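Work from the hints to combine the two standalone chains into their complex.
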Amino acid sequence: MCFGNSNYGQGQAKNGAQVDQYGNPASPAPAPQTIPQQITSQEDARQASVRAGNSSIESAFSKFNDPYFADFEKSFKDYYNPQIDTQYNDAQGTLEAGLARKGVDRSSIAATQFGRLFGQYSDQREQIGDQAASAAGELRGKVANEKSSLYALNSASANPAQANTEALARSTALVTPPAYTPLGSVFANFLSPYTAYSQAYSNNAGAGYKSPYQKNNNSGAVVQ
Amino acid sequence: MCFESIIPLAIGTALSVGGGLLNKNENDTNAANIATARNDVLASQLGKNNVIANESRGVFNDRLAQVQPAATGQLQTDVTGQRANSINSNMPTINASTFPGAADSSSLVKSSVAKAIGDALATSQQRATAHAKLGGFGDTFQRMGLQDTDASNKIGTSIGFAQANNALTPSLQDFAEQETYKPNSGIGGLFQGIGNAFGSYAGAHG
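Chains as they are written, first to last, in this note's numbering: chain A, 6 to 229; chain B, 3 to 208.
In isolation and in its complexed conformation, chain B is listed as follows (with noise of 0.2 angstroms):
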């Protein structure tokens, strides 16, 4: 190999591998560029869904607070108290006069109708009494699943949301790696152009 041959493969290899490194410069670049918009707009949807998770979070956390112990104990006390005064409310009232015959009957026998109705209007109100407290359970639950149904609706909005939000990220982030893609320059393809021809001169001269 003769002197005039070493010189055109040394600059034509040194142009082929400073285009190769160009080449891959420029794709490396691109390629991060791409993953950053890519990146970003996750960010910005993830960002955006963080504050709707908040939002249902804080449902969620009023709802749980509703069904602590001390809470559901104060509901059912008030729902077992509505029903009580329901019931009560609609009791009828002791008035032994109103009897047929209360007029001319004897003190004995009025005295025997008081104590009789008497009697038996304690006997409802205790009745009165524990079917308020039993239908007081019912009640609760029933509240609590209305509670439940009014925080699944906000969250389940939310969740609409959160979905829907998810399902155009996909095409968001499509649309931002169509704007940041850069084709490559050339100049690297055009180094190792001419590193071959170099090379392809040393070698018909050599």
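Pulled out of the complex, with its shape left as it was, chain A reads as follows (with noise of 0.2 angstroms):
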């Protein structure tokens, strides 16, 4: 034909061999496959896919092991320890200064309460300790639900290449930080007893101003 050989780069060689468009032997072209061997080729590739997809996931989310969650009750702990410390701290001060008002605050009364106080904060950080815990394990929860999410997912696509970038995806986004609400205040009802004698002793207008010039009830005297 006038427009020359249609197998663009590719050539004979002189001994009539195949080659490529760099004169290296061309390799042999795979003898065509029968339809049933396509389709079953195509699913056990389609089942390589979805194996390699789940690889992928397992591998992304690997990092969301037991130091990644230790590491979260610490930051958990970090975030709720230093308000617990400085309510207590201030609660402190406040108590003191009730039981001051009062003339108590060097004596067994004052001991009592403090160990009440004491027992009050140690009972807070119990708390958080506890709820450090038990937020690992919701996270840890999420964690399994993404991973979930992403298997089957991996099973509907058969796509590695778009497994692995959901993974990436949600596994960055599982560690953004949820927002968790700082503590009230915790010691309030401990102190309200003292907080209230002193706004009543603070308020208290007293006894009504008396003249130490005045001997009798009545109205006025004329000095002359």
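These are calculated hints, taken from the structure and not from any lab test.
Worth double-checking, as some hints may not be accurate.
Partial list, derived from the structure: chain B residues whose beta carbon lies under 8 angstroms from chain A [claimed, not checked]:
(1) Ile8
(2) Ser91
(3) Thr125
(4) His133
Dumping the calculated DSS-like pairs for lysine-lysine here, alpha-carbon to alpha-carbon at most 27 angstroms [said to hold, decoys possible]:
(5) Lys107/A with Lys112/B
(6) Lys147/A with Lys68/A
(7) Lys184/B with Lys82/A
(8) Lys147/A with Lys135/B
(9) Lys117/B with Lys107/A
(10) Lys82/A with Lys147/A
(11) Lys68/A with Lys79/A
(12) Lys147/A with Lys112/B
(13) Lys68/A with Lys156/B
(14) Lys82/A with Lys68/A
(15) Lys26/B with Lys184/B
(16) Lys79/A with Lys26/B
(17) Lys147/A with Lys79/A
Bear in mind the structure is a predicted one, so any value in this text is a computation, not a measurement.
Virtual Cβ for every residue (Gly too), placed ideally from N, Cα, C.
Set out below in structure tokens:
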């Protein structure tokens, strides 16, 4: 034909062997597959893709291990402990002031009250430790849910590249810290009698003014 | 019936019967080959699914081993210990000297403060131990649930593979049948035709 050889890039060596565009011996063309062979090979390839996608998911989520969750617990405590410590220090001062107003700040009563306040403080710290463990468990569940979703997505798409991208995106989203509300005033109930006492003491008008020059109940006296 | 008509009739009958038998034999052989081809495809697909089923069975057996009483007990011990560590490591330490008024209080008051906060801490620690033990039950089942989810992910993938193989099986069997099927040679039919001709001849000259 006038347009020459349609097999662009391929040629024929002098000895008749097929060569590629660089003159290297061309690899023999694979034998054509029958339709059943094509079907089974495509399905095998799909299953291999799903397995590869699952491996990508496992790899992307491997960072969510025990040290990761231990670090999360520590972060949880690091957020809440300073708040409770500050509140405790403030509460100690308020209690000290309340006891001093009553003149019992160096007494066994004060010792009992400080002990009760410390008990509340240690209870709060215990709660924070427990909540940190629970929060870490909740995070484990979220990680597992995300992983399951990706497994399902990978099986549906059979596209390991997409599964890998999704896995990375979701694992990155998981490390975004959720919003944690700061602590409220945890010692308010304990200190309320003292703050009420303090306020009442401050607001007390006391006895009315009485002139030291007034000797009787008469309305007044004229100095002559 | 004369003798000259008996021989053609006998030949015709023999050819017809022989042709029928030949047809039947070819049909039977063809049907047997088709059945073998379909069964081979089925066996191949079942073999693939058997490998997948063995994988799933392995995952399930591993999970089953994890829920044996000893393993479950160990898991509960571990997770309870982890929660206890999380709680206990967050408990405050006793330092009575940092309390307000500690410097200028009498020794009696100081010892009272030390005892009061010591008692309070002991109570909190008892509560922490009980809290960790209580939370350990929930933690155990949460971890078991996570292990179930992990096994489900793996087995679910295998189920998908097996279902896909099953879905392909009828089509692959049909292809195998088409490749195996061979039309009859026609020799049997030819014999039957010739036999009929002999029969007709015998009838015309009988």
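Going down the list of hints, with the structure as the test:
Proximity of Ile8/B to chain A is violated relative to the hint, the smallest CB-CB distance being about 55 angstroms (cut-off 8 angstroms). Interface restraint check for Ser91/B: the shortest CB-CB distance to chain A comes to about 7 angstroms, inside 8 angstroms, so the restraint holds. Hint on Thr125/B holds. Least Cβ distance to chain A is approximately 6 angstroms, under the 8 angstroms limit. The restraint placing His133/B at the interface with chain A holds, with a minimum CB-CB distance near 5 angstroms, inside the 8 angstroms limit.
Using a Cα cut-off of 27 angstroms, the hinted pair Lys107/A and Lys112/B holds, with the two alpha carbons roughly 19 angstroms apart. Simply put, Lys147/A and Lys68/A have alpha-carbon atoms about 14 angstroms apart, close enough for the 27 angstroms limit, and the pair holds. Among the hinted pairs, Lys184/B with Lys82/A is inconsistent with the structure: their alpha-carbon atoms are about 79 angstroms apart, more than 27 angstroms. Distance hint between Lys147/A and Lys135/B is fulfilled; the C-alpha atoms sit about 24 angstroms from each other, no more than 27 angstroms.
For the hint pairing Lys117/B with Lys107/A, the CA-to-CA distance comes to about 23 angstroms; that is within 27 angstroms, so the pair holds. Taking the CA atoms of Lys82/A and Lys147/A, the gap is about 20 angstroms. The hint holds against a cut of 27 angstroms. A distance of roughly 17 angstroms separates the Cα atoms of Lys68/A and Lys79/A; the hinted pair therefore holds under the 27 angstroms criterion. For a cut-off of 27 angstroms, the pair hint linking Lys147/A to Lys112/B is broken: about 49 angstroms separates their Cα positions.
A C-alpha spacing of about 19 angstroms is found between Lys68/A and Lys156/B, which places the hinted pair at or below 27 angstroms, so the restraint holds. Taken as a hint, the Lys82/A and Lys68/A pair is honoured in the structure, with Cα atoms around 21 angstroms apart against an allowance of 27 angstroms. Proposed proximity of Lys26/B and Lys184/B is supported: the alpha carbons are some 14 angstroms apart, at most 27 angstroms. A hinted pair counts as satisfied when its Cα atoms are at most 27 angstroms apart, and Lys79/A with Lys26/B does not qualify at roughly 83 angstroms.
At most 27 angstroms may separate the alpha-carbon atoms for a hinted pair to count; Lys147/A and Lys79/A meet this at roughly 18 angstroms.
This entry does not satisfy hints 1, 7, 12, 16, going by the numbered hints stated previously.
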